[in-house]
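Asker: Below, each chain spelled out in residue letters.
Number of protein chains: 2
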Amino acid sequence: MNIDKERSFSEWYTEITKSAELCDIRYNVKGFVVFLPWSVITMKIMYNEYERELEKRGHLPAWFPALIPEGNLKRESEHVEAFVPEVFWVTGAGETRFEERLAMRPTSETAMYNMYSLWIRGLKDLPLKLYQSCQVWRHETKATRPFIRSREFYWIEAHDAFAKKEEAEEQVREDMEMAENVVHKRFCIPFLFFQRPEWDKFPGAVHTFAADTLMPDGRVIQQPSTHLLGQNFAKAFDIAFLDEKGEREYVWQTCYGPAISRIYASLISIHGDKKGLILPFLLAPLQVMIVPILKKEGEKDVLEKCKKMKEELEKAGIRVGIDFGEETPGFKFNKWEEKGVPIRVEVGKKEVESGEVTLHRRDAGKRESITDGEAAKRIYALGEEIDKSLGERADEWFSKQIHNAETIDELGKWLKEGGFTKVNFCSMEMDGEECAEKIKEQFAGNVRGRLFGKEEKPEKGAKCIVCGKEAGEVVYVARQY
Amino acid sequence: MNIDKERSFSEWYTEITKSAELCDIRYNVKGFVVFLPWSVITMKIMYNEYERELEKRGHLPAWFPALIPEGNLKRESEHVEAFVPEVFWVTGAGETRFEERLAMRPTSETAMYNMYSLWIRGLKDLPLKLYQSCQVWRHETKATRPFIRSREFYWIEAHDAFAKKEEAEEQVREDMEMAENVVHKRFCIPFLFFQRPEWDKFPGAVHTFAADTLMPDGRVIQQPSTHLLGQNFAKAFDIAFLDEKGEREYVWQTCYGPAISRIYASLISIHGDKKGLILPFLLAPLQVMIVPILKKEGEKDVLEKCKKMKEELEKAGIRVGIDFGEETPGFKFNKWEEKGVPIRVEVGKKEVESGEVTLHRRDAGKRESITDGEAAKRIYALGEEIDKSLGERADEWFSKQIHNAETIDELGKWLKEGGFTKVNFCSMEMDGEECAEKIKEQFAGNVRGRLFGKEEKPEKGAKCIVCGKEAGEVVYVARQY
Numbered sequence: 001m002n003i004d005k006e007r008s009f010s011e012w013y014t015e016i017t018k019s020a021e022l023c024d025i026r027y028n029v030k031g032f033v034v035f036l037p038w039s040v041i042t043m044k045i046m047y048n049e050y051e052r053e054l055e056k057r058g059h060l061p062a063w064f065p066a067l068i069p070e071g072n073l074k075r076e077s078e079h080v081e082a083f084v085p086e087v088f089w090v091t092g093a094g095e096t097r098f099e100e101r102l103a104m105r106p107t108s109e110t111a112m113y114n115m116y117s118l119w120i121r122g123l124k125d126l127p128l129k130l131y132q133s134c135q136v137w138r139h140e141t142k143a144t145r146p147f148i149r150s151r152e153f154y155w156i157e158a159h160d161a162f163a164k165k166e167e168a169e170e171q172v173r174e175d176m177e178m179a180e181n182v183v184h185k186r187f188c189i190p191f192l193f194f195q196r197p198e199w200d201k202f203p204g205a206v207h208t209f210a211a212d213t214l215m216p217d218g219r220v221i222q223q224p225s226t227h228l229l230g231q232n233f234a235k236a237f238d239i240a241f242l243d244e245k246g247e248r249e250y251v252w253q254t255c256y257g258p259a260i261s262r263i264y265a266s267l268i269s270i271h272g273d274k275k276g277l278i279l280p281f282l283l284a285p286l287q288v289m290i291v292p293i294l295k296k297e298g299e300k301d302v303l304e305k306c307k308k309m310k311e312e313l314e315k316a317g318i319r320v321g322i323d324f325g326e327e328t329p330g331f332k333f334n335k336w337e338e339k340g341v342p343i344r345v346e347v348g349k350k351e352v353e354s355g356e357v358t359l360h361r362r363d364a365g366k367r368e369s370i371t372d373g374e375a376a377k378r379i380y381a382l383g384e385e386i387d388k389s390l391g392e393r394a395d396e397w398f399s400k401q402i403h404n405a406e407t408i409d410e411l412g413k414w415l416k417e418g419g420f421t422k423v424n425f426c427s428m429e430m431d432g433e434e435c436a437e438k439i440k441e442q443f444a445g446n447v448r449g450r451l452f453g454k455e456e457k458p459e460k461g462a463k464c465i466v467c468g469k470e471a472g473e474v475v476y477v478a479r480q481y
Numbered sequence: 001m002n003i004d005k006e007r008s009f010s011e012w013y014t015e016i017t018k019s020a021e022l023c024d025i026r027y028n029v030k031g032f033v034v035f036l037p038w039s040v041i042t043m044k045i046m047y048n049e050y051e052r053e054l055e056k057r058g059h060l061p062a063w064f065p066a067l068i069p070e071g072n073l074k075r076e077s078e079h080v081e082a083f084v085p086e087v088f089w090v091t092g093a094g095e096t097r098f099e100e101r102l103a104m105r106p107t108s109e110t111a112m113y114n115m116y117s118l119w120i121r122g123l124k125d126l127p128l129k130l131y132q133s134c135q136v137w138r139h140e141t142k143a144t145r146p147f148i149r150s151r152e153f154y155w156i157e158a159h160d161a162f163a164k165k166e167e168a169e170e171q172v173r174e175d176m177e178m179a180e181n182v183v184h185k186r187f188c189i190p191f192l193f194f195q196r197p198e199w200d201k202f203p204g205a206v207h208t209f210a211a212d213t214l215m216p217d218g219r220v221i222q223q224p225s226t227h228l229l230g231q232n233f234a235k236a237f238d239i240a241f242l243d244e245k246g247e248r249e250y251v252w253q254t255c256y257g258p259a260i261s262r263i264y265a266s267l268i269s270i271h272g273d274k275k276g277l278i279l280p281f282l283l284a285p286l287q288v289m290i291v292p293i294l295k296k297e298g299e300k301d302v303l304e305k306c307k308k309m310k311e312e313l314e315k316a317g318i319r320v321g322i323d324f325g326e327e328t329p330g331f332k333f334n335k336w337e338e339k340g341v342p343i344r345v346e347v348g349k350k351e352v353e354s355g356e357v358t359l360h361r362r363d364a365g366k367r368e369s370i371t372d373g374e375a376a377k378r379i380y381a382l383g384e385e386i387d388k389s390l391g392e393r394a395d396e397w398f399s400k401q402i403h404n405a406e407t408i409d410e411l412g413k414w415l416k417e418g419g420f421t422k423v424n425f426c427s428m429e430m431d432g433e434e435c436a437e438k439i440k441e442q443f444a445g446n447v448r449g450r451l452f453g454k455e456e457k458p459e460k461g462a463k464c465i466v467c468g469k470e471a472g473e474v475v476y477v478a479r480q481y
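Top line first, the protein sequences correspond to chains A and B.
The opening residue of the first sequence carries number 1 in the numbering used here; numbering runs sequentially from there.
The opening residue of the second sequence carries number 1 in the numbering used here; numbering runs sequentially from there.
Calculated directly from the structure, the hints in this document are not laboratory data.
It is possible that some hints are incorrect.
[Stated by the list, open to error] No more than 20 Å apart at the CA atoms, straight line, and that leaves these computed lysine-lysine pairs for PhoX-like: (1) Lys332/A / Lys315/A; (2) Lys275/B / Lys129/B; (3) Lys129/B / Lys44/A; (4) Lys74/A / Lys30/B; (5) Lys124/B / Lys335/A; (6) Lys56/B / Lys307/A; (7) Lys366/A / Lys332/A; (8) Lys56/B / Lys315/A; (9) Lys335/B / Lys124/A; (10) Lys388/B / Lys129/A; (11) Lys332/A / Lys124/B; (12) Lys56/A / Lys307/B; (13) Lys18/A / Lys124/B; (14) Lys310/B / Lys56/A; (15) Lys44/B / Lys56/A; (16) Lys142/B / Lys56/A.
[Claimed, not checked] Here chain A is said to cover these stretches of chain B; the calculated rule only asks that three of the stretch's residues, wherever they fall, bring their Cβ under 8 Å from a Cβ of chain A: (17) 27–39; (18) 54–68.
Beta carbons: idealized from backbone N, C-alpha and C, even for Gly.
Just chain A, same shape as in the assembly (with noise of 0.2 Å):
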């Protein structure tokens, strides 16, 4: 392909998600899509690295069940009231109809909690931290977008009970901390945690922190987001505890969810370019792609050594292929250049004769000639220096995405150019709401909060740049998708 992806962001999305089979957008329920092996492959170890953060958190892996009674759903009033509209309902099986309807899960507090409360009696039971791979599905009316936003989408979800708020408050942190060691360092993928406004919080959540990235056209778009629950779930569902002085407490709560499939989306939109993907050397589904380049004389050999190759890189724990079809190697280039493999190895009769191969970056396209031997360690190498290039170049762009605005009609200007806009705002209380729905609507922008970890407080006298009002908070606001 050959599509501008910073001009022509919405074009290159689509054509991305065919040319290079990660997802098919056919499948006969509308919002629905079937994700292909190229994709899934690299959602799988997405997935592997996250776990992995996660147990070594403390977290362990449980598996709740998809179907939700209506009852346990509307235990929490805040939590009913969202996502009872769009939510899949199973009324019946073959001739039997329930009693009471089942939600397909749209997210677990309400499958989750019910059980905790069976399970936590004393301090021995706490803390208790637990997490769950799994779809949730939720009946969005919003257009849907392969991996940006469908109706069922692939997560994690981690649900943590503990016995004092300071260690609900110190593990939001550490979820962070997991966001960053995850997706920011492994992935690079970079983004700002920001403590969204009340009127944006989770259903049912004291406070909610989300990191958001951007896309190549400006608009950002939410990764992991962690929720202190407070007591609200606690008391709707009866989580309690005896504590030292032999006193019933209720627990305190947080919820973590990295939705894998968005993630997923960011990481091909920020690192790819107008020929296609670029994907890191830790999460390409192949890492090396080795290209046979035959002429008529020495067929034979170069096939023999590209084999060769093959079984040695893969001795040595890499992910590698060989294109053996019938096209032409420029035909092959482009194709594996498209789908994003790091690193390409040419063979053909000159590096049969000098006992070399060369070696292709996708990411810099730059070649370079490495004797036989050396390949495996080489292609170690290169993945890292990949990785760590992807991640400065993405550090770099994202950090000129941040402007600043004085009035209403310069943050007009930068939303219409992308990125967060920095502005001076009267409250992210619910007194606050007004003023964003007014930005809303005047400019589709989104106030998404104060930025968390850096404390930015407005100068003195300063005011709200939509109601004129004295500025409480300095908030980033950005086109959403």
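Position chain B against the provided structure of chain A, taking the given hints into account.
Answerer: Relative to chain A, chain B alone:
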């Protein structure tokens, strides 16, 4: 626990799922259970092992939607008849009522093959070999039992399409080989592969081949099954390609389904003993549990040594824990033996002084002392020995469970004892069903089919054990789960 597995298997099973914390049956949707970390970690490893084997044989992972339009489900007539009565129906979302009901997948043929018909055009698209790891939902009317039979279960399904009938037949054999490599060799579960009689085939299949193992009470439980679908679904879903001569031909298909949660049920039942679980080293969530033997004197040194040992073993890639609990060593020994941890490391004052540790094997109940530095190496070696010995023990037990009956009374007697009973039988075609029904009514026995891979034909003149007509087959009969 202390329950005789052979005598009181049902009680043993109920108790172990609870006391080893494998699942919780108190979830408030009937037939659905919560799978707890101790079983989930093992099932995740099982998934991983099976997926690697499938990928080694050219299968790629894909993710298809959980919901299937009623229309898809009804395109293959035998399939619809079998599955529609037990399908969970989604009839709407939020306030929207769907025009066409959606089924929660009971199995994915009808989700996948619609897409296969879009993807397959010519020989270059074949073979197509995809698998997905997912849950399926069936509203079972029979009594449910965690892991053995529930309304939600965890499995892998592989769906392959070929240009030639012979390739499909070869795939069926390969599917059996994979079961041998994974379920038998790695999970240490013995089984026999049977060709199922006509009346017990997978709905829509030409032939069904299924592995059966036995529970300690002598009842069979099905392991992976593979189905030669022929061109039945290809015709129903119009999956065709242009062959070498440019003629449009239907593909030949197979599907394959290892039910991970059910294999887990066999795993724990076959290897366990009266004290609880015995898990293979390969599959144990914790392969080693370090138990400190504390006396007042030298407590610090013991704890220090435990921690160092843990680090050392972790570094070697061993899954290891330390039990720092307040309980006595004896209590801890029992607890981790009940949970089936393959190797216990005991560290006390004696071990600190001698520079050794004491290893204890869960399966054999034997202790040995080894020098500190050799722990990791010795544990890996022990792990191999344990799995080998579990496999041999299971094989030996299994090989004794095959009986012969000459008369219907003998069959009845053996069925009561448990295990397989070989009998002369009229026919595996539909006209044999009546005799099979009689066996079921009289003795609750099921005709499992004809042994695959070893020609077992009745002697000349032999009669069907039920109807007395000429016997065309030697079949295996057993009570089933």
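Asker: To test your reading of the hints: which numbers does this structure violate?
Answerer: 1, 2, 10 and 16
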